[in-house]
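Spelled out, the chains give:
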Amino acid sequence: MKSVTDEQLILYYYGEASDAEELGRQIEASAELQRRFEALRGILDSVEEPEIPERHPSYGSAVWHRLAPQLEQRRSRLWDWELLKPRREWALVAATLLLVVGAFLAGRLWPRQQVELAAVGYDGQERILLLTVAKHLEKSEMLLVELANTRDNGEFDISAERQLAGQLRSDSRLYRQAAKQSGQADVAALLEQLERVLVELANGPEMIPSSDLGDLRVLLDEGDLLFKVRVVGSRLREEGRGLKNPASEERSALDV
Amino acid sequence: MRGMEGNDLELVEQARAGDSDAFRGLVEGHSQRIFRTAFRLTGSEQNAEDVVQEAFLRAYRKLHLFDGRSQFGTWLHRIAVNCAMDLMRKEGRRTQRETIEERTELEAMVNRDPRPDRMAESSEVGQAVQQVLLSLSPTERTAFLLRHFEGHTSAEIGRILGIRPGASRNAVFRAVKKLRAALGPMVEESHEVSHG
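Residue numbers (our numbering), protein chains in the order written: chain A, 2 to 257; chain B, 1032 to 1227.
One should not assume that every hint holds.
What the hints assert, rightly or not - Lysine-lysine pairs mimicking BS3-like chemistry, simulated, CA-CA at most 30 Å apart:
id : chain 1 : residue 1 : chain 2 : residue 2
1  : A       : K140      : A       : K181
2  : A       : K181      : A       : K229
3  : B       : K1093     : A       : K136
4  : B       : K1208     : A       : K229
5  : B       : K1209     : B       : K1093
6  : B       : K1208     : B       : K1121
7  : A       : K136      : A       : K181
8  : A       : K140      : B       : K1093
9  : B       : K1093     : B       : K1121
10 : A       : K136      : A       : K229
11 : A       : K181      : B       : K1093
12 : A       : K140      : A       : K229
The set of hints was computed from the structure by calculation and includes no laboratory data.
Could you build all of it, start to finish, from the sequences and the hints given here?
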């Protein structure tokens, strides 16, 4: 018979032991285990809930009255930010245009590359999209895991992570639109969920207290975001690899 | 309170659209419960009030991130627990010296010659319990209190604190170990007196 640890007895006390029935039988059969369990029970039973001060039935209303002025201040700040929204939209359009022009110029300067891209066809485009989004999810996951795993107390300088979150957020938006257009509704929904977290990080301060990292963990946990990012990323990678790569097929044909 | 959840979702939607009365409805509906959790965790009325205030502010700030997968009350409870943890950390830094003094006092209390009449007084045990709880790390204290008073499982505690279930179990184990080390002689003596 395996010896019973204190940890098992604690879990048994709280009704969380995985082998509760067997453990119960063991305790019943052994005077030594009974003594240990009784000692533990004596300690834990002595931890009684302190009396919680009664709040008046109108407590909620009192909390609201203290809170309301602070929320009003915050609303004014948000309103200012909303005023800037059209400018931000224009900045995004300008950035997209810049990207298109840049891509066009790159094509002109490197014609071979352009030919290769034009030759990839539907499967090739789909493959590129799948693998690019998979890579994007992988990068986002690394960033979020790193932040969520920070356990120290105090304030952190997350300026680098904030900058990266900003880049990923812009990418995410473009990939989300592409995923929507290509009928990948689940991928688009995940990218939207991811985007909300990235926006929060990118718009946040450069120095943040550990409490905000706790909030981030809660946020990630809420919708099992990291799990979904991992699963969808891996699925896209598989699908992308499964599709034909015309460029490599062409190369293989030339190699023969 | 449970029946509120359907209504809560409507209020969240309206609050997101800028309806401050809807957010007021959420505040009024959940303040009492959040206060009780905050008081259990901080052990102080003033700190519990601060936690309630901060929790609703954070909830308001992050309302657009609430996706309705969990109940609003559960989501708010997590925020409040994390606010309480932050406050404990701050308090911990500020009162580190006081805690050492309390611990010394507690050790002295435990090591004193046991007098049955004194040891039998449960209020003294209760006072000692409070001192041990105050000396725990914020994670140990929160995990233990969520387990002991609110009946959350290790997995639920893990989700609330953003840690793995194994880590939340270990935090509870460490808390119990410290309680045993500090209270063992006192409780056993008290037990013997009440049975002898």
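Hints and how they fare:
1. Note on A:K140 and A:K181: the hinted pairing holds, with a Cα-Cα distance of about 21 Å set against a maximum of 30 Å.
2. At roughly 18 Å between alpha-carbon atoms, A:K181 and A:K229 fall within 30 Å of each other, so this suggested pair holds.
3. The straight-line distance between the Cα atoms of B:K1093 and A:K136 is roughly 28 Å, inside the 30 Å bound, and the hint therefore holds.
4. Between B:K1208 and A:K229, the direct Cα distance comes to roughly 37 Å. Violation of the 30 Å bound is thereby established for this hinted pair.
5. In summary, the hint linking B:K1209 to B:K1093 is not supported, as the alpha carbons are separated by about 36 Å, beyond the 30 Å threshold.
6. The hinted pair formed by B:K1208 and B:K1121 meets the criterion: a straight-line CA distance of about 24 Å does not exceed 30 Å.
7. The suggested pairing of A:K136 with A:K181 holds, with an alpha-carbon distance near 18 Å, which does not exceed 30 Å.
8. Restraint check: the Cα-Cα separation between A:K140 and B:K1093 comes to about 24 Å, which is no more than 30 Å; the hinted pair holds.
9. Taken as a hint, the B:K1093 and B:K1121 pair is honoured in the structure, with Cα atoms around 22 Å apart against an allowance of 30 Å.
10. Taking the CA atoms of A:K136 and A:K229, the gap is about 14 Å. The hint holds against a cut of 30 Å.
11. Between A:K181 and B:K1093 the alpha-carbon distance is near 26 Å, which keeps this suggested pair within the 30 Å criterion.
12. A distance of roughly 14 Å separates the Cα atoms of A:K140 and A:K229; the hinted pair therefore holds under the 30 Å criterion.
In summary, the numbered hints that this structure violates are 4 and 5.
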